[in-house]
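Participant: Listed below are the residues making up each chain.
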Amino acid sequence: MTREEIIKPENLVYRRTPVLTDNIMHYCPGCGHGTIHRLIAEVIEEMGIQDKTIGISPVGCSVLAYNYFDVDFVEAAHGRAPACGTAIKRLNPDKYVFTYQGDGDLAAIGTAETIHACNRGENITMIFVNNAIYGMTGGQMAPTTLLGMKTATCPYGRTVEANGYPLKITELIAQLPGTYYVTRQAVFTPAHVRKCKKAIRQAFENQNLKKGVSFVEVVSNCNSNWKMTATKANQWLEENMLPFYPLGDLKTPEK
Amino acid sequence: MAKELKLMKGNEAIAESAIRAGVDGYFGYPITPQSEVLEHLMIENPVEKTGMVVLQAESETASINMVYAGAACGKKVMTSSSSPGISLMQEGLSYIAGAELPAVVVNVVRGGPGLGTIQPSQADYFQTTKGGGHGDYRLITLAPASVQEMYDFVQLAFDLAFKYRNPAIILSDGMIGQVMEKVVIDDYKPRWTDEYIAKTFPWAAVGKPASRNHNIITSLELDSAKQEQININIQKKYKVCEEKEVRYEMINCEDAEYLFVAYGSSARICQKTIELARAEGIKVGLFRPITLWPFPSKQLKEAAKNVKGILSVEMNAGQMIEDVKLATECRVKAEHFGRYGGMIPDPNEILVALKKQIM
Ligand SMILES: Cc1ncc(C[n+]2csc(CCOP(=O)(O)OP(=O)(O)O)c2C)c(N)n1
Ligand code: SF4
Ligand SMILES: [Mg+2]
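Protein chains in written order, with our numbering: chain A, 325 to 579; chain B, 55 to 413.
Keep in mind the hints are simulated off the structure, nothing from the lab.
What you are looking at is a predicted structure, and each value in this text was computed from that prediction instead of being measured.
Note that the Cβ used here is the ideal one computed from N, Cα and C, for glycine as well.
Possibly wrong hints are sitting among the right ones.
Covered stretches of chain A, going by a simulated chain B footprint (3 or more residues, C-beta under 8 Å) [stated by the list, open to error]:
| # | region |
| --- | --- |
| 1 | 391-400 |
| 2 | 413-419 |
| 3 | 520-532 |
Next up, chain B with everything else stripped away, as it sits in the complex (with noise of 0.2 Å):
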């Protein structure tokens, strides 16, 4: 496969990336930090490259609601939206995993609450890996760390979310949005044909061929009973993927005496206050979570076993640090540091706050 580099901003990674996967199709709604997805799109028509359809809907609801509908199809198909516009996809999100469909979605996570702030933050960590939506759900939740990754895991995302007919999320913030990088990109993959679809996913409403039953597309069951049955796969469905879909990563942790806990755009800076830290001889090290649900409990359980303390870094009030204390079960010294509202954190200031809390 033909690779090529271009410089370009996460969210037309994003973009790029449904694109070159075969994505057949894109509901979103204007909302800063993310738009540019949905720009690029625009611009690039990929109508007439792939066949892939865009649409800007008239809301977050009707994306999240078209989304749904195309999944119910066979079809791949995502959204991307920021904070505000996440919360109102909450009715769909639940529908999605309780109807048990495959779907992507972006948030280019800024501040909260309420309308908040345009910069980029982490406080959507609690909606996205804990529900959101109504119901016993979970969302695969993918968290980025470059303009790389944001290409990559549209691809992964997808991968998850037909594994798992399951919503799989992308958890980035406007700072991953918005940076420039370099991005090695592919070729056009082509899209699924319909007869691909009707074979390889019998369960999608593609229109009834006499040789089999109808395919319904729902979420509801009214017999408790039965409604019960439905839940206890689903949780099923999750417990394999809590064994299976771990992804993280450990950056100077061989000798490292204390740990840096940070996902996406806080363990960018975490690594800049590593370095910082080692040049004073501190032995620090970063452990980054990769996939937030499911979380690397295990793995991180493991790594705290050789350090002294724990410093989970997060561009919010203290979200994922409830996770960190259950990963580890506070055998270990674990504290929160964070900046919010749409403030980013310092690297020096994560050092401050290490010496501070954690020394």
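In isolation and in its complexed conformation, chain A is listed as follows (with noise of 0.2 Å):
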């Protein structure tokens, strides 16, 4: 067969989505940002919003994230992304706003940021990417870095006496009564990928009910800062990550 007796309509199972743009990502390969962007790239195309999409990026891996989505983009300052989502979302109450954070952006430097959208019930979408580590600066510890782990700042492992605890944000999110549904997924396998994109699609679909915010942890990997193969940390990931930060709902929407 050639190439183009393959490459017919009827043969497609998969494309690329033309809300994500031709531009070659910097992510390593291997790394769970790329999925993650396809992944609300693909929602945004089916919902058929692309036009009233206005997304945030932190600062992180995914700074430059809006390089990669065709859609109009806000760059924010460290941590600052739902201040920005907040704003923008108040000002265009019938546009579509998501953030998308690191744990380093969303739960350290960004902690106030985080919990006063959240409890102030913020009309957005927001997507945080947990790795566990600080991957952009070269693989320094993150709040959400376990116990034992080893990064470039905490080489012998992180303690509880030097460092205290991993925090788990999202539990503390999903307590306030701002949030309208707070999920954990995961993108390391096709069940994960699949999963993962159901609950970005109830994410955004939950902002034409103006309920408060809709919160969607991904775990997610940085191979190049834990110094593992791709597959490696996978693995690691779900070995280690998942036990302390367990996929699932925690606050879904009454029905």
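Mind assembling these two chains? They're in different frames, but the hints should get you there.
Facilitator: Written as structure tokens, this is what we have:
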């Protein structure tokens, strides 16, 4: 069969969504960020809201997310994306507004902005990519770094005495009445990818209801700074991250 | 347009002016001596009048980032605070300047450093006119000397902010924020429509129609050569601003042998000192910069040609005096007189200082 014979519309099982640009992603091969971007973009395409969506990128490895999504984008200062999302949504209530943040961004420097946007019940979607490390700056300890885990700033492993406990910010914000939908997902297997996409879709659709924050944590990897191959990183994620950050819904809209 | 006369506090004038100027959003956090801005906005509830959004944020850090993001959508947005809160906003101001967004900030200055005092001060001159946050940027700085100017400068600040796509700041102080004066106020101006914003500000992040590329609001450019070019463009813009936007006022300068240089509250007090001085036959005038950046350097240099000495009167330990000396190239004696830490100079002590330091 020739290439042309294979690539026929009726044979097409997958294509890149036009909501992603042609720009080559700078993410390390095996990194979860790219997959999560794709899921969000597919949801935007499927909902037909490309012209109504405003995204907010963080400071972290996904700082350049705006180069990959073909939607209008605002790059926030480190941790301030929920404050940005608050203003954009309140000033443009008919738009779909989402933030995309790492763990350092959302759960350390931006903790106040995160908690207060959630507590005010801002009608936005928050995507939280937890890779238990500061990816962009070269693998320092994050608020979500597991006990015993080695990073550039806890080279002998995180200890409670020196560094306190890993922060389960998702459990924390699920307690707030301003959050409407809170879930923890992952993207390290095709099955998880499909589930995660459903959750992201739900989180975007919820904006139509004006009931508060829809929050999707994605337990992800950082194979580069975890200093593992991509396959090993995903295995490590399953064995170490998931027991501490169990997947599933933490808060679902009452039916 | 129907004009109305109202008695109000400086802080209330800021709030009232914002509503009537068709501002889209105000984000703020309480701090003395400017809390009346947010309080007045909450009382007026402008969402019912013009659709203006008013939100009490969790911190000044959050408020300025709300302003950043609102501005990114081409909306007319603002915040206000007082010194310690403005210090927290420096990060956001730098981002707004870096992303070349229009926004208005009001600083009702109080005495510092640190928690300082809630009394009036002009000690934030350096922070406002020389930077404050990181990077090469400037804030277009307007210094009101009356409640009427508090009112008028909100609209002016938005005009300049949008013209130059740069933050503009109203540098007031606790005295002008708290004092009550008569103000001429305007009718309500409607807010800009979404269609108008999308058409007039093609850079704004408002949702990408199929007809154009996506808009990105960012201050990041990792390629140094490109980042330098961005900086060069920003500096070019500042040159134009320096040429075109200088504002100042000269009072009793025609026959003056001495000059007070003072802005805001200090300029008001100096006017009283001029009366006292002239009663004694001392010919002194006032040069009042209205824009502190761009500073009216050329104009001051010109004015200084005919005088024997200059006293820079400031409610700080000597900040604007540096710009006065730069402007006059030290060709004429220029000294600083200040009270600080929340102390307001008395017209008589300014006269004494003039005699002792300059005459
Ligand atoms: C105010 C400020 N402090 C520190 C930094 C440096 N910095 C950039 S990204 C980052 C951490 C990002 O980690 P995370 O949010 O977990 O994102 P990841 O890269 O892991 O996806 C830090 C500390 C910064 N850019 N701004
Ligand atoms: S450093 Fe880590 S988080 Fe960043 S792109 Fe690479 S793998 Fe992903
Ligand atoms: Mg991280």
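Participant: Could you run down the list of hints and mark each one as holding or not?
Facilitator: Hint check:
Here the region 391-400 of chain A counts 9 residues with a CB under 8 Å from a CB of chain B, which clears the bar of 3, and the coverage holds. Taking a C-beta to C-beta cut-off of 8 Å, the region 413-419 of chain A contributes 4 residues in contact with chain B, enough for the three needed, and the coverage statement holds. With a cut-off of 8 Å between beta carbons, the region 520-532 of chain A has 0 residues touching chain B; three or more are needed, and the interface restraint is violated.
In summary, the structure is inconsistent with hint 3 from the numbered list given earlier, while agreeing with all the others.
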